[in-house]
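*Asks:* In case you want the letters, here they are:
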Amino acid sequence: DTGVSQDPRHKITKRGQNVTFRCDPISEHNRLYWYRQTLGQGPEFLTYFQNEAQLEKSRLLSDRFSAERPKGSFSTLEIQRTEQGDSAMYLCASSEWAGIVNTGELFFGEGSRLTVL
Amino acid sequence: AQRVTQPEKLLSVFKGAPVELKCNYSYSGSPELFWYVQYSRQRLQLLLRHISRESIKGFTADLNKGETSFHLKKPFAQEEDSAMYYCAIGNTGKLIFGQGTTLQVKP
Numbered sequence: 242d243t244g245v246s247q248d249p250r251h252k253i254t255k256r257g258q259n260v261t262f263r264c265d266p267i268s269e270h271n272r273l274y275w276y277r278q279t280l281g282q283g284p285e286f287l288t289y290f291q292n293e294a295q296l297e298k299s300r301l302l303s304d305r306f307s308a309e310r311p312k313g314s315f316s317t318l319e320i321q322r323t324e325q326g327d328s329a330m331y332l333c334a335s336s337e338w339a340g341i342v343n344t345g346e347l348f349f350g351e352g353s354r355l356t357v358l
Numbered sequence: 015a016q017r018v019t020q021p022e023k024l025l026s027v028f029k030g031a032p033v034e035l036k037c038n039y040s041y042s043g044s045p046e047l048f049w050y051v052q053y054s055r056q057r058l059q060l061l062l063r064h065i066s067r068e069s070i071k072g073f074t075a076d077l078n079k080g081e082t083s084f085h086l087k088k089p090f091a092q093e094e095d096s097a098m099y100y101c102a103i104g105n106t107g108k109l110i111f112g113q114g115t116t117l118q119v120k121p
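For the protein sequence lines, the chains are A and B, in the order given. Using our numbering, the letters of the first sequence correspond one by one to residues 242 to 358. Using our numbering, the letters of the second sequence correspond one by one to residues 15 to 121.
Isolated chain A (complex conformation):
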């Protein structure tokens, strides 16, 4: 399977602990996105990268959240001092961006479900 992969698929943690999620995009895709989805809601944009550069961060992304894509390949999303409100599905997606021409399609991973007790 050469699709977007995310790890771990499920994470249960106690309030105050740090967690890290990893995303491996489709290899030829230069853009990588993080979204968050809570129960009964659609995905909400968090941040995105083009290659290794983080181009935009949502206001949803508090100081406790940090995302990296150090070599322009995989990405990590770290949440420090987790709170119960952080419980959600964290979705990663990738796409191919070629300047003005954009395929417009995001390829999503299966998500990493976080439960904060």
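Where hints are given, some of them may not hold.
Stated by the list, open to error - Simulated DEER-style distance windows between Cβ atoms: (1) Phe28(B) with Phe315(A): 38 to 48 Å; (2) Lys23(B) with Gln325(A): 20 to 30 Å; (3) Arg67(B) with Glu269(A): 37 to 47 Å; (4) Thr106(B) with Thr279(A): 22 to 32 Å; (5) Ile253(A) with Gly80(B): 46 to 56 Å; (6) Glu269(A) with Thr116(B): 30 to 40 Å; (7) Lys255(A) with Gly30(B): 43 to 53 Å; (8) Arg250(A) with Ser42(B): 34 to 44 Å.
Everything labelled a hint here was simulated from the structure, so no lab data went into it. Just so it is clear, CB atoms sit at the ideal spot from N, CA and C, and this is done for glycine as well.
Got chain A sorted already, so can you dock chain B onto it with the hints?
*Replies:* Frame of chain A, contents of chain B only:
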């Protein structure tokens, strides 16, 4: 404010009946418009995009700029169409999603 509204959380129809999933949006500028679908135990995937003007699995979506709507339609629903459908708008890949509509097609 930029927003996507899908007014129905659940739409239940019988097989062979027409389907229309509603999507209304507010956005400054000229966004791209999409419908994404999530089948049971599968990942979210693109169903169709406005710019392509495609018909995928018998679904079409018409953009009405005056009403700022992008409703998804299919003339004859099939059981395999049962899924969660999300309308999304945006550009550069940064998308705003609606809350989703569950389509249930009964035999």
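*Asks:* Where does the structure disagree with the numbered hints, that is, which hint numbers, in rising order?
*Replies:* Failing hint: just 3.
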